[in-house]
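For the sequence shown, this note's numbering gives the first residue as 11, with consecutive numbering after it.
To be clear, the hints were calculated from the coordinates, so they are not data collected in a lab. Predicted, not measured: the structure shown is a model, and the values here were computed from it. One thing to keep in mind: the hints can contain errors.
[As the list claims (entries may be wrong)] Straight-line Cα separation of at most 27 Å, DSS-like style, residue types lysine-lysine; simulated pairs:
| # | residue 1 | residue 2 |
| --- | --- | --- |
| 1 | K89 | K169 |
| 2 | K99 | K89 |
| 3 | K42 | K85 |
| 4 | K85 | K99 |
| 5 | K169 | K99 |
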Amino acid sequence: MVTDTLGLVLKAFIVIGAVMTMAGYAVLLERKVAARVQGRPGPNRTQIPILGSIPVIGTFLTRLGVFQPAADGLKFLFKEDPLPGHVNKFYYVLAPMVAFIPAMLTMTVLPFGAVTDPVSGATSPIVLADLDIGILFILAVSSLGVYGIILGGWASNSKYPFLGGVRASAQMISYEIALGLSILPVFLWFGGTLNLSNVVLGQSQVWTAVVQPVSALIFLIALFAETNRLPFDMPESETDLVAGYNTEYGAFKFGLFFVGEYTHIIIGSGVFVVLFLGGWTLPFITLPAGTAGAVLSVLIFLAKVFVIVFFFMWIRWTLPRFRYDQVMNLGWNKLLPLAVANLVFYAVVIAVIEQLN
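My request is simple: use the sequences and hints to build the entire structure.
Have a look at this one:
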């Protein structure tokens with residue numbers, strides 16, 4: 011019993027460390043992608059003295075900017091962190107944690123690989139908690155993150171953060187419905203299961219995005235809005251809100267908001283990969299049993315997540331920001347009716363297929 015508990019805690023620390031590392035390097039990737047789009051080099055001078063002094067290799071790593079996340083993390087830790095006098099101090103300090111913790115919790119039920127027993131041939135997902143209602147857990151917990159934004163905007167006791175918090179709540183409500191409706195056809199397609207591992211195994215031959223492209227499109231657009239990414243960054247919108255809900259934040263508190271946002275992007279991309287891109291599977295390819303297959307499955311999953319994260323960044327530096335009325339119009343007048351029609355269509359199609367079988 012104790013050994014199992016220690017093993018689970020160790021796995022949790024490893025996964026948390028991996029996600030935090032990915033979030034840090036997602037920031038570096040964002041800056042590199044932005045630099046590439048804008049025709050400039052991006053971070054290429056940060057170095058750690060011991061590693062940076064190694065001939066050729068140290069210079070190569072420095073030019074890639076691989077030490078930049080460490081420098082940014084230390085900067086957030088050691089910057090002066092004043093507490094403004096006009097804020098509601100308790101909720102002002104609580105808000106970044108409320109925004110950060112749900113992002114980390116959702117990864118506990120996200121399967122990111124599988125291991126096949128060489129003897130029995132049974133496949134077990136690599137996941138911290140393989141819940142039968144995994145997607146409901148993700149939707150419930152991830153939606154709590156917006157409370158951190160609303161709380162931060164209200165507790166800052168300033169008009170721009172308050173407007174950012176109000177916008178965040180309105181945007182979340184507007185797109186959460188379409189997002190939820192877009193994934194219902196997916197679970198109907200796989201026999202009503204809400205277990206994410208079963209959904210992945212059901213895509214071993216054909217990815218869901220191929221048979222349900224409209225569901226994938228609606229989910230992806232809603233995911234942009236849920237993660238507050240351009241062109242849906244209404245809660246921040248520096249052109250009219252300075253920095254929105256985090257205007258009054260700096261140092262480590264701002265860092266929690268920042269890392270929480272990128273963690274949401276990574277976990278959201280992972281959910282999209284699991285639901286629509288086959289998770290750790292490749293069509294018509296059987297991974298080997300044992301450790302080698304498990305490692306390959308994790309690498310395949312991470313490669314797909316990397317592609318979606320890159321797509322997030324590509325869109326950010328390509329499309330201009332929508333106006334607030336355009337965001338609301340798209341959510342209520344376009345995506346929601348389309349999601350309802352899509353659900354009805356696939357409900358009829360699935361019922362017909364079941365009757366024929």
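Okay, the hints, checked on the actual structure:
1. K89 - K169: Roughly 25 Å between the alpha carbons, so the hint for K89 and K169 holds.
2. K99 - K89: Within the cut-off at roughly 19 Å; holds.
3. K42 - K85: Status holds; Cα separation ~19 Å.
4. K85 - K99: Distance ~23 Å between K85 and K99 Cα, so the pair holds.
5. K169 - K99: Satisfied, since the Cα-Cα distance of roughly 17 Å is no more than 27 Å.
The earlier numbered hints are all upheld by this structure, with none contradicted.
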